[in-house]
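Chains as they are written, first to last, in the working numbering: chain A, 37 to 427; chain B, 37 to 427.
Because the hints were derived from the structure by calculation, they are not lab data.
Among these hints, one or two may not hold up.
Which copy? The list can't say, so a pair holds if one copy fits it or any two copies do.
Claimed, not checked - Computed cross-link-like contacts, DSBU-like style, restricted to lysine-lysine with a CA-CA straight-line distance of at most 35 angstroms:
| no. | residue 1 | residue 2 |
| --- | --- | --- |
| 1 | Lys223 | Lys123 |
| 2 | Lys329 | Lys70 |
| 3 | Lys81 | Lys350 |
| 4 | Lys223 | Lys350 |
| 5 | Lys329 | Lys173 |
| 6 | Lys350 | Lys70 |
| 7 | Lys120 | Lys223 |
| 8 | Lys329 | Lys123 |
| 9 | Lys120 | Lys329 |
| 10 | Lys350 | Lys120 |
Predicted model, so just to flag it, every value in this text is computed and none were measured.
Protein chains: 2
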Amino acid sequence: MTATATEAPAKIWANSGDSHFLEPDDLWSSNLPKRLADLVPRAEKDPDGLWETVHIDGQSFRRRLPNVAQQEFYDLSNRAPGAKDAKLRLADLDQEGVWAEVVFPSLGMWSSSFRTPEVLREALKVSNDWAIDAIMKVSPRLVPTAQVSTLLVEDAIAELQRAAGLGYRAVFLPTTPHPAQPDWNNKYWMPFWAAAQEANMVLAFHVGTDPVDLASGQAVGVTYRGPGGAVLNYTETTFSGQRAAMKLVTSGALDQHPNLKVLIAEGGASWVPFLADRMTEGYRQHSMAVRPKLSRAPAEILYEQVYASFQHDKSAIPTVMHHGYRNVMWGSDYPHMEGTFGHTQETLHELFDGVPDDVRHRITIGTFNELFPGVIGEPPAVGAPAPQSQA
Amino acid sequence: MTATATEAPAKIWANSGDSHFLEPDDLWSSNLPKRLADLVPRAEKDPDGLWETVHIDGQSFRRRLPNVAQQEFYDLSNRAPGAKDAKLRLADLDQEGVWAEVVFPSLGMWSSSFRTPEVLREALKVSNDWAIDAIMKVSPRLVPTAQVSTLLVEDAIAELQRAAGLGYRAVFLPTTPHPAQPDWNNKYWMPFWAAAQEANMVLAFHVGTDPVDLASGQAVGVTYRGPGGAVLNYTETTFSGQRAAMKLVTSGALDQHPNLKVLIAEGGASWVPFLADRMTEGYRQHSMAVRPKLSRAPAEILYEQVYASFQHDKSAIPTVMHHGYRNVMWGSDYPHMEGTFGHTQETLHELFDGVPDDVRHRITIGTFNELFPGVIGEPPAVGAPAPQSQA
Chain A
37 MTATATEAPA
47 KIWANSGDSH
57 FLEPDDLWSS
67 NLPKRLADLV
77 PRAEKDPDGL
87 WETVHIDGQS
97 FRRRLPNVAQ
107 QEFYDLSNRA
117 PGAKDAKLRL
127 ADLDQEGVWA
137 EVVFPSLGMW
147 SSSFRTPEVL
157 REALKVSNDW
167 AIDAIMKVSP
177 RLVPTAQVST
187 LLVEDAIAEL
197 QRAAGLGYRA
207 VFLPTTPHPA
217 QPDWNNKYWM
227 PFWAAAQEAN
237 MVLAFHVGTD
247 PVDLASGQAV
257 GVTYRGPGGA
267 VLNYTETTFS
277 GQRAAMKLVT
287 SGALDQHPNL
297 KVLIAEGGAS
307 WVPFLADRMT
317 EGYRQHSMAV
327 RPKLSRAPAE
337 ILYEQVYASF
347 QHDKSAIPTV
357 MHHGYRNVMW
367 GSDYPHMEGT
377 FGHTQETLHE
387 LFDGVPDDVR
397 HRITIGTFNE
407 LFPGVIGEPP
417 AVGAPAPQSQ
427 A
Chain B
37 MTATATEAPA
47 KIWANSGDSH
57 FLEPDDLWSS
67 NLPKRLADLV
77 PRAEKDPDGL
87 WETVHIDGQS
97 FRRRLPNVAQ
107 QEFYDLSNRA
117 PGAKDAKLRL
127 ADLDQEGVWA
137 EVVFPSLGMW
147 SSSFRTPEVL
157 REALKVSNDW
167 AIDAIMKVSP
177 RLVPTAQVST
187 LLVEDAIAEL
197 QRAAGLGYRA
207 VFLPTTPHPA
217 QPDWNNKYWM
227 PFWAAAQEAN
237 MVLAFHVGTD
247 PVDLASGQAV
257 GVTYRGPGGA
267 VLNYTETTFS
277 GQRAAMKLVT
287 SGALDQHPNL
297 KVLIAEGGAS
307 WVPFLADRMT
317 EGYRQHSMAV
327 RPKLSRAPAE
337 ILYEQVYASF
347 QHDKSAIPTV
357 MHHGYRNVMW
367 GSDYPHMEGT
377 FGHTQETLHE
387 LFDGVPDDVR
397 HRITIGTFNE
407 LFPGVIGEPP
417 AVGAPAPQSQ
427 A
C-alpha cells in the first residue's frame, strides 16, 4: 500500500542498538551498607548555586554547576517520559516505532573515579540487581547491559558471570578501561574476553566513555574549545569507539575468541570499511613489526565480530549494500539529544524509503536479532499499529 | 585490448596525491648564516652506538638510536633510487606507472621543536628555495609542497605568498600547528586561510604530523605499546587528518573561503562520508551549542573543499560510486613502506580492474587535475609505454 499525500507514512518498526536509562540518584547510597554508601559519589551545592563539591571514594573536588544552557541541554536530554521509568518507556517505544532496544546505564560515568575495588564492585552489583526488576522483567523488548568494574579483572570476570546467570545478554564496557589498569589490547584482559565468550555475553561498548579525570577539572566530552567546538567534541567521541574495536582486533582478543561479539554503540557504522582497509594496510605494510600475527585477516575479524550502531547516518545504507559490511544496526539513542526521540519515524523514512526491503530489514531488525538471538521476535509488520505496550 | 594470460596487464597510469622527498641532511646547516645554522637540529652519537644527543634551537635532549629492526625499517622506507634524487625519481615513476605526484618534505618533522620564530622561518625558506631547482624544475610531473612556519601566523602568511610567487601550488601543513599557537579552528589562523585562498594555494595536510615533544621522550608515531601496537599506531594517524578537516569545516574557515581547497594525504578517503554524517548529526542535534553557524551544510563543505588520498583501500571505489564523494585521489606514498613502491601496478589493477572507466579516471587522474589545474596534462593512455622520463 502506498501512502497518499494525506495519509501518514506507514510506520517502520526498528530495533535499537543504543538507548539509555536514568537510574534513581540514590540507587547506590540507598542500597549499599553505610561503610560503602559513604564512598559513592555525592555532591554538596554551594549556597550561591554556582559551584559544588563532589565527594567520591575518599576524594573531593570542586566543580562549577551547569550554567543555564548546560542545564537546559541536560533536561532536554532526559525529557522523554520513559527516561527513568520502564513502563512509561514502552509507550514511548510504541509511539516512536522502536520494537526492542539495548539499554545502557547512566551512573556508570562515575566508574573511572573510584579507587577502591570493593566500592565500585559492590555499587555495580547494586545496579545490576536493580535493573532486573526495573528494566529486564518489564518487557523482553528491553535488553539492559550489565556493568562490571574494570578496576580489577577478577572483579570484572566474577560480576560478568553472575550477571549472565541473572539473564543479562550484554555487558557495558567503557571505550578505555579504568585508568589504574592497562588498555584493552593488553594481555591483562585476556581472561575477561575468554569469560565473556564462555558466558555468551556481547561486549557492548558505548562511545564517549573514555575515563575522565573529574578531580583535575576535565569535563566529560570536552576536548576542543572555541569555534566549532560543539561539533568537534561530538565527532571526536566516535574515535574512542573505533579504537576499542581495533584494540580487540589487533591484540588477538577476537581472533582467539571467534564467538565473541562486540557492539560499538552510537559511533556510527560507515567507519568500519574504512578502518578495515586502514588496518589491512598497516598489518601488511608494517608486517615486520606486527605482534601478534592473527589467524584471520584483521578486516575479516572486524567485519564478522564487530557490530556498529548509528542514528541518522545515510552513509550506513551504502555501507551494507556496497561495502559488504553487514553488521550495521540502527539505534535511537533514546532519550538523548543526539538521538531520534520525537522524530524517529521521520528519520527511518528518510533513511529507508526506496531502500530494498532486505537491506532495511537487516539494519532495523536482523542485525539486532543476530546479536541477541531468541530475545525478541519480529516486530509488527511495516505500517502495523502499536501493540498495546505489552509487558 | 584485453591482456591474455601470457601478456603483462596493461599499465594503468595514475597521479599520486602523496609522495615524499628526502632532503640532504645538511640542507639547513649548509645554507643558513652561522648564527642560525648553529640552532638547527644536529645529533651527536655516543661512542657505544646506543644513544645520541640531539641539539635543536637551544635545547638538548637524549634519545635512543634506532635498534636494528628500526634502522632496517627506515632504510627500507627510503630504498627507492629516487627517494633523494628527482632525476632518478622520474625513472621510478615511469616504472611504477605514476604520472605526476604531490611531493611532501621530510625535514619538516622537526618544525614543532623549534622555539625561535626566525630560525624556523629561515630554515623553511632555505627548503623552499632548494626544492625549486631540486624538484620543481626537474619536471612538471613533480608538484612539491611549500613549507611555512606555524610558529607565527605572520611568518606563515609571508612565506606562503613568497612561495606562491615562486611557482608553488600547495603548502604543506601539519595536522596540528606548532604547540606555541592555538589549534586550526582558532580565529588566529583566519588571515592565513584568506591568504591561501588569495594565492590559490592548496592546503596539503599529511597524516601523522601532529607535533611531537621529542625533548620529553615522545617518539613519532608511538601512541600504543604492547599487543597490536604497530597496527594501532598506524591506524591512529588517520584520525589526526580527519581532525584537521573537521576543524577547518566547523570553524568556518572553509565556509568563509569557498575557493580554498584542502588535501588530506595518506589518511585514506572512505572516512569522508562517515565524518560528513557524524558532523551533520552533531551540527543539527547540538544546534543550541554550535558556533559559528555555517552558510552551507558541513557535509557539503567537506565534500566540495576537502580532497583525500589513499593507497590500497578498496573501500575508496564504492565511496566514489555510491556515497557521492568525488574528491578521492589515489596516492603512492612513494617511497615509504606504507606505500606502493614495487607493487604499484599490482595495486592499481587490484583496485580498478572491472571498475567503470570514468570512476578509475576520476580517482587516478581527474581529482588530481581538478586540484592542480593546468599543472600537467593527461598521462599516457592505459597500457602505453613509459615516456622516456621527460624532464
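Hints versus structure:
In the homo-oligomer, the alpha carbons of Lys223 and Lys123 never lie at most 35 angstroms apart, since the shortest distance is 42 angstroms inside one protomer and 49 angstroms across protomers. With identical chains, the CA atoms of Lys329 and Lys70 are never at most 35 angstroms apart, being 50 angstroms at best within one copy and 50 angstroms at best between copies. Proximity of Lys81 and Lys350 under a CA criterion of 35 angstroms is satisfied in neither setting, with 43 angstroms inside one chain copy and 55 angstroms between copies. Only between protomers do Lys223 and Lys350 lie at most 35 angstroms apart by alpha-carbon distance; the minimum there is 32 angstroms, versus 37 angstroms within a single protomer.
For the homomeric pair Lys329 and Lys173, neither the shortest alpha-carbon distance inside one copy (44 angstroms) nor that between copies (45 angstroms) is at most 35 angstroms. For the identical chains of this complex, Lys350 and Lys70 are neighbours neither inside a copy (50 angstroms) nor across copies (58 angstroms), given an alpha-carbon limit of 35 angstroms. Within a single copy, Lys120 and Lys223 get their C-alpha atoms no closer than 38 angstroms, and across copies no closer than 42 angstroms, so neither meets the 35 angstroms cut-off. Taking the shortest Cα distances, Lys329 and Lys123 never come within 35 angstroms of each other, neither inside one copy (49 angstroms) nor across copies (39 angstroms).
Only between protomers do Lys120 and Lys329 lie at most 35 angstroms apart by alpha-carbon distance; the minimum there is 34 angstroms, versus 46 angstroms within a single protomer. In this homomeric assembly, Lys350 and Lys120 come within 35 angstroms of each other (Cα to Cα) only inside a single copy, at 30 angstroms, whereas the closest approach across copies is 45 angstroms.
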